[in-house]
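A.B. asks: My request is simple: use the sequences and hints to build the entire structure.
Quick note, the sequences are listed as chains A and B, same order. With the numbering used here applied, the first sequence corresponds to residues 1 to 198, in that order. With the numbering used here applied, the second sequence corresponds to residues 1 to 88, in that order.
Among these hints, one or two may not hold up.
As the list claims (entries may be wrong) - With a straight-line cut-off of 30 Å between C-alpha atoms, the simulated DSS-like cross-links for lysine-lysine are:
hint: 1; chain 1: A; residue 1: Lys103; chain 2: B; residue 2: Lys43
hint: 2; chain 1: A; residue 1: Lys139; chain 2: B; residue 2: Lys43
hint: 3; chain 1: A; residue 1: Lys140; chain 2: B; residue 2: Lys43
hint: 4; chain 1: A; residue 1: Lys135; chain 2: A; residue 2: Lys162
hint: 5; chain 1: A; residue 1: Lys8; chain 2: B; residue 2: Lys23
hint: 6; chain 1: A; residue 1: Lys140; chain 2: B; residue 2: Lys23
hint: 7; chain 1: A; residue 1: Lys146; chain 2: B; residue 2: Lys43
hint: 8; chain 1: A; residue 1: Lys39; chain 2: B; residue 2: Lys23
hint: 9; chain 1: A; residue 1: Lys172; chain 2: A; residue 2: Lys146
hint: 10; chain 1: A; residue 1: Lys107; chain 2: A; residue 2: Lys50
hint: 11; chain 1: B; residue 1: Lys23; chain 2: A; residue 2: Lys135
hint: 12; chain 1: B; residue 1: Lys23; chain 2: A; residue 2: Lys9
hint: 13; chain 1: B; residue 1: Lys23; chain 2: A; residue 2: Lys13
hint: 14; chain 1: A; residue 1: Lys172; chain 2: B; residue 2: Lys43
hint: 15; chain 1: A; residue 1: Lys139; chain 2: A; residue 2: Lys162
hint: 16; chain 1: A; residue 1: Lys50; chain 2: B; residue 2: Lys43
hint: 17; chain 1: B; residue 1: Lys23; chain 2: A; residue 2: Lys51
hint: 18; chain 1: B; residue 1: Lys43; chain 2: A; residue 2: Lys162
hint: 19; chain 1: B; residue 1: Lys23; chain 2: A; residue 2: Lys50
hint: 20; chain 1: A; residue 1: Lys172; chain 2: A; residue 2: Lys9
hint: 21; chain 1: A; residue 1: Lys135; chain 2: B; residue 2: Lys43
hint: 22; chain 1: A; residue 1: Lys103; chain 2: A; residue 2: Lys51
hint: 23; chain 1: A; residue 1: Lys50; chain 2: A; residue 2: Lys9
hint: 24; chain 1: A; residue 1: Lys143; chain 2: B; residue 2: Lys43
hint: 25; chain 1: B; residue 1: Lys23; chain 2: A; residue 2: Lys143
hint: 26; chain 1: B; residue 1: Lys23; chain 2: A; residue 2: Lys139
hint: 27; chain 1: A; residue 1: Lys143; chain 2: A; residue 2: Lys51
hint: 28; chain 1: A; residue 1: Lys172; chain 2: A; residue 2: Lys140
hint: 29; chain 1: B; residue 1: Lys23; chain 2: A; residue 2: Lys146
hint: 30; chain 1: B; residue 1: Lys23; chain 2: A; residue 2: Lys172
hint: 31; chain 1: A; residue 1: Lys162; chain 2: B; residue 2: Lys23
hint: 32; chain 1: B; residue 1: Lys43; chain 2: A; residue 2: Lys104
hint: 33; chain 1: A; residue 1: Lys107; chain 2: B; residue 2: Lys43
Hints in this document: simulated from the structure, not taken from any laboratory.
Now for the letters of each chain:
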Amino acid sequence: MHTSSPLKKEFLKKWMEGLQICCSSKKQMNVLERKKKIKLSADIAMASAKKTPTSWSNALISYARRNEEYMILTDQLLGPESQFNLQKSTDRMIGFHKRVQCKKILKRRNTYSAGKRTKKKTGHPRLISATLIAKRLVKKRTKVLKRLVPGGESMDEFSLIKEALDYILSLKVQVDVMRSVVTATEILSNEKSLKSVE
Amino acid sequence: MSSRRSREAPRITDDQIIQLLSKLQQLLPEIRNRRSNKASASKVLQETCNYVRSLHQEVDDLSDRLSQLLSTVDANSPEASIIQSLIM
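C.D. replies: The following block contains the structure:
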């Protein structure tokens with residue numbers, strides 16, 4: 001398994017910059033508030049550390065910006081140049097979302113009315129083949145995956161799998177870097193507390 | 001209208017889908033340990049979902065830990081800057 005260290009370096013750099021922006025305010029933040037900011041800066045760093053933006057990274061950034069509470073912070077984290085590229089992609093995504101939702105509503109109406117007409121066509125339950133069950137399972141699990149991958153709702157299955165691949169790689173990088181930073185901080189703070197006791 | 005769109009889109013072969021699924025399978029820790037590379041699509045999808053969920057959970061836990069660490073250090077600000085500069 002190849003761990004991409006340039007990606008790790010990029011993520012670390014962006015995350016550290018983001019942390020300084022988030023946590024530099026002098027006022028006291030409670031633990032929950034700080035945790036949310038840490039998580040936000042980590043996600044934004046993960047999405048913007050990619051050299052070629054993908055669908056999930058744009059979706060992640062646009063979700064963060066849609067939350068009013070963090071919109072300004074997100075823009076600060078991203079930096080000025082990327083704002084123009086993002087505006088276009090967020091508008092496109094919002095339009096796409098709406099189109100997909102309209103299609104879903106139409107589909108639901110049609111299948112509902114069609115189901116009422118053809119009542120008992122399911123056939124003998126014992127004759128339901130294994131492939132049908134497999135297909136149903138795949139459909140169910142695809143739905144779950146769509147909810148997990150950011151921006152997955154508006155993707156066809158093929159792109160969903162591609163995006164999931166890339167998303168998992170980036171998540172791994174994020175977890176690895178965060179883990180090393182947290183353990184390093186823990187060791188440092190333990191050493192410090194030991195020294196102050198002496 | 002949706003049928004018109006699927007006719008225009010390039011045919012995605014089954015081979016491509018199988019290739020993608022096998023790549024996904026290699027990333028997942030669970031399935032990689034078993035030697036068989038014949039995991040079904042639904043199993044791969046299920047493991048993917050579980051893995052993504054566990055990664056999300058780990059990010060959440062790590063943010064929690066870091067937040068608590070930074071809050072204990074925040075009282076003495078010179079140490080906070082030292083920690084920051086040492087990490088970077």
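A.B. asks: Tell me if the straight-line CA distance from Lys135/A to Lys162/A falls inside 30 Å.
C.D. replies: Distance ~20 Å between Lys135/A and Lys162/A Cα, so the pair holds.
A.B. asks: Starting from Lys172/A, check that the Cα of Lys43/B is at most 30 Å away, please.
C.D. replies: This hinted pair holds, its Cα atoms lying about 21 Å apart.
A.B. asks: Check the hint pairing Lys143/A with Lys43/B against an upper bound of 30 Å on the C-alpha distance.
C.D. replies: 14 Å, holds
A.B. asks: If you draw a straight line from the CA of Lys143/A to the CA of Lys51/A, is it 30 Å or shorter?
C.D. replies: 28 Å, holds
A.B. asks: Regarding the pair Lys50/A and Lys43/B, is the alpha-carbon distance no greater than 30 Å?
C.D. replies: 29 Å, holds
A.B. asks: With a cut-off of 30 Å on the C-alpha distance, tell me whether Lys107/A and Lys50/A pass.
C.D. replies: 36 Å, violated
A.B. asks: Sort out whether Lys146/A lies within 30 Å of Lys23/B, counting only the CA atoms.
C.D. replies: 18 Å, holds
A.B. asks: Can the restraint linking Lys39/A and Lys23/B be considered satisfied, given a maximum Cα separation of 30 Å?
C.D. replies: At roughly 28 Å apart (the allowed maximum being 30 Å), Lys23/B and Lys39/A satisfy the hint.
A.B. asks: What's the verdict on Lys23/B and Lys143/A, does the C-alpha distance respect the 30 Å limit or exceed it?
C.D. replies: Holds. Lys23/B to Lys143/A sits at ~20 Å (cutoff 30 Å).
A.B. asks: Can you confirm whether the C-alpha distance between Lys140/A and Lys23/B stays at or below 30 Å?
C.D. replies: Within the cut-off at roughly 21 Å; holds.
A.B. asks: Compare the distance between the alpha carbons of Lys23/B and Lys9/A with 30 Å, and conclude whether the hinted pair is satisfied.
C.D. replies: Cα-Cα ~25 Å, so holds.
A.B. asks: Taken at face value, is the distance from the CA of Lys13/A to the CA of Lys23/B at most 30 Å?
C.D. replies: The given pair, whose Cα atoms are some 29 Å apart, holds under the 30 Å limit.
Violated hints, listed in ascending order, are 10 and 22; each of the other numbered hints is respected by the structure.
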